[in-house]
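These protein sequence lines map, in sequence, to chains A and B. Note that the first sequence ends on residue 275 in the numbering used here; no numbers are left out. Note that the second sequence ends on residue 219 in the numbering used here; no numbers are left out.
Hints listed in this document are in silico derivations from the structure and should not be mistaken for laboratory results. Remember, it's a predicted structure, so these values are computed and weren't measured experimentally. Wrong hints could be hidden among the right ones.
[As the list claims (entries may be wrong)] Lysine-lysine pairs mimicking BS3-like chemistry, simulated, CA-CA at most 25 Å apart:
#, chain 1, residue 1, chain 2, residue 2
1, A, Lys-140, B, Lys-117
2, A, Lys-99, B, Lys-136
3, A, Lys-90, A, Lys-185
4, A, Lys-23, A, Lys-90
5, A, Lys-183, A, Lys-209
6, A, Lys-183, A, Lys-23
7, B, Lys-117, A, Lys-99
8, B, Lys-214, B, Lys-136
9, A, Lys-90, B, Lys-214
10, A, Lys-132, B, Lys-159
11, A, Lys-185, A, Lys-132
12, A, Lys-183, B, Lys-214
13, B, Lys-136, A, Lys-135
14, B, Lys-136, B, Lys-159
[What the hints assert, rightly or not] Using C-beta positions, here's what the derived DEER-type ranges look like:
#, chain 1, residue 1, chain 2, residue 2, range
15, A, Ala-144, B, Gly-83, 55 to 65 Å
16, B, Asn-49, A, Ala-103, 18 to 28 Å
17, A, Glu-38, B, Lys-159, 38 to 48 Å
[Claimed, not checked] Stretch-level coverage of chain A by chain B, calculated; a stretch enters the list once three of its residues show a Cβ under 8 Å from a Cβ in chain B:
#, segment
18, 107-114
19, 125-138
By construction, the Cβ of each residue, glycine as well, lies at the ideal position given by its N, Cα and C atoms.
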Amino acid sequence: MANSEKFVEIRHARKSYGSLEVLKDISLSVDRGEIVAIIGPSGSGKSTLLRAINDLDSLSGGEVWLDGVQINKTLGHREYEKHINAMRQQVGMVFQHFNLFPHMSVRDNVTMAPKLLKGISDKEAEALAIEQLNHVGMLERIDYYPSQLSGGQKQRVAIARALAMKPKVMLFDEATSALDPELVEEVNQVMKMLAEEHMTMVIVTHEMDFAASVCDRVIFMDGGVVVEEGAPEQVFRNPKEERTRAFLRKHLSVHGKG
Amino acid sequence: MGLDFSVVPDYLDVIFLGALWTIAITVCAGLLSFFGGIFFAVIALYGNAAVRLPFRFFEWLFMGTPLLLQLFLIYFGLVQIGIDLPAFVAGAIGLGLHFAVYNSELIQTAIVSVDKGQMEAARTLGLSRGQALRKVVIPQAVRDVIPPIGNNMIALLKDSALVSVIGVGELTLSSQLAIGRTYRPFEFYAVAAAFYYLINVVMEAVLRRLERKTALSR
């Protein structure tokens with residue numbers, strides 16, 4: 018691609034369900050190695066936007082590009098399926114509710130997709146599982162099943178599962194929202210570690226402290242549009258828009274009680 | 002004329018052979034009903050109209066008519082269009098397809114109730130829908146319906162007695178054979194019942210084991 022700086026690029030994204038417009042002409046880009054937080058009230062469209070990046074929710078209009086390739090290309094059904102499956106291998110995603118495969122051990126959760134899609138041997142898969150689980154501090158649970166893990170441990174395994182595909186970018190969809198407060202930190206630690214390794218990340222979150230301390234840029238969305246974006250210190254300390262100020266006031270007051 | 006079980010040992014080999022045939026047809030039909038059930042469930046849920054409509058007819062045929070009639074149709078009826086199946090094969094197919102349709106209903110419901118996030122997580126990793134179904138959704142759906150499918154398997158074992166009418170020498174037919182020679186229906190039906198009970202006990206034990214084994218994976 019001509020401009021390699023724009024690693025992930027969303028151009029004029031629109032999405033509507035019937036007459037309800039969830040995304041209204043959103044354009045944004047993420048550089049290689051950049052960590053971007055998307056914040057905003059529920060229903061602001063932030064999760065929809067994130068899920069549009071790997072076409073889990075298809076856009077009604079607009080384009081999504083990753084590293085010079087359009088993800089949501091217009092193709093015939095069969096070709097598109099092939100294309101999107103190949104693209105999704107390059108986009109890791111972590112969900113609010115973990116979505117680990119309960120019928121597989123931790124090891125198999127991590128290795129199933131690489132074995133199936135990349136045809137790696139059992140030996141390579143074992144090495145991959147050890148590498149990735151060690152990375153997130155879950156190696157000693159390699160033979161466990163998800164039902165035997167705490168929420169924080171599940172999410173760390175889910176991150177290892179996504180990383181095992183060696184993605185170019187990681188998407189986090191409220192990865193800590195379903196966790197008990199005391200389990201949030203262990204997941205945040207793993208995400209901080211990825212940030213230090215310069216993994217490109219797009220993080221939808223409600224945790225302002227985490228966004229402020231880890232992210233390079235914060236995007237505030239409301240009502241299906243990007244209201245404001247900038248460096249965390251600017252958006253959090255000195256927001257330009259009234260809507261951002263109102264959101265932060267509300268959020269920080271809720272935060273303060275806890 | 003009182004009961005006299007002393008005639009039984011002379012025919013025990015006949016009865017035993019019948020029991021083996023009962024086990025054989027239950028295993029064959031059981032496997033067909035299991036994998037057929039998964040296959041039909043996937044067709045019913047994901048097939049296009051061209052395969053779904055014939056399947057509907059097929060489903061109606063196997064759910065809406067007596068199993069006995071289905072066995073007659075497969076064994077005697079198909080000969081007329083040039084398909085001459087051995088009795089055992091006809092019996093296994095008839096029993097297997099009959100229960101496959103019932104298993105399919107169970108598996109369809111189970112597939113639909115697997116959390117949507119499972120398919121999403123699999124697709125996100127780059128799996129196609131077919132791969133996601135095979136590796137992620139169907140194993141969980143099947144795990145969830147082990148108890149009711151087990152009940153169907155036990156019903157299948159009991160209904161396997163019906164294949165005696167097309168001449169498969171299974172437990173019921175072989176006990177009738179012994180009765181024909183000795184005129185001792187009570188004794189031999191009782192022995193046959195004991196054998197059915199035994200097979201049942203083994204099947205239930207296997208089922209419980211399966212349920213225990215999958216308990217962790219919930």
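Against the structure, the hints come out as follows:
1. A/Lys-140 x B/Lys-117: violated (32 Å)
2. A/Lys-99 x B/Lys-136: It holds: about 18 Å lies between the C-alpha atoms, which stays within 25 Å.
3. A/Lys-90 x A/Lys-185: The hint holds at about 19 Å.
4. A/Lys-23 x A/Lys-90: holds (18 Å)
5. A/Lys-183 x A/Lys-209: Roughly 18 Å between the alpha carbons, so the hint for A/Lys-183 and A/Lys-209 holds.
6. A/Lys-183 x A/Lys-23: Holds, at about 20 Å.
7. B/Lys-117 x A/Lys-99: Holds, at roughly 22 Å.
8. B/Lys-214 x B/Lys-136: It holds: about 18 Å lies between the C-alpha atoms, which stays within 25 Å.
9. A/Lys-90 x B/Lys-214: Not satisfied, since the Cα-Cα distance of roughly 44 Å exceeds 25 Å.
10. A/Lys-132 x B/Lys-159: violated (42 Å)
11. A/Lys-185 x A/Lys-132: holds (19 Å)
12. A/Lys-183 x B/Lys-214: Not OK: A/Lys-183 and B/Lys-214 at ~33 Å, beyond 25 Å, violated.
13. B/Lys-136 x A/Lys-135: holds (15 Å)
14. B/Lys-136 x B/Lys-159: violated (33 Å)
15. A/Ala-144 x B/Gly-83: 55 to 65 Å: Holds: the Cβ-Cβ distance is about 57 Å, inside 55 to 65 Å.
16. B/Asn-49 x A/Ala-103: 18 to 28 Å: Since the Cβ atoms of B/Asn-49 and A/Ala-103 sit about 25 Å apart, the hinted range of 18 to 28 Å holds.
17. A/Glu-38 x B/Lys-159: 38 to 48 Å: Since A/Glu-38 and B/Lys-159 have Cβ atoms about 59 Å apart, the given range 38 to 48 Å is violated.
18. 107-114: This one holds; 5 residues, not fewer than the three required, reach chain B with a Cβ under 8 Å.
19. 125-138: This one holds; 4 residues, not fewer than the three required, reach chain B with a Cβ under 8 Å.
Comparing the model with each earlier hint shows violations of hints 1, 9, 10, 12, 14, 17; every other hint is respected.
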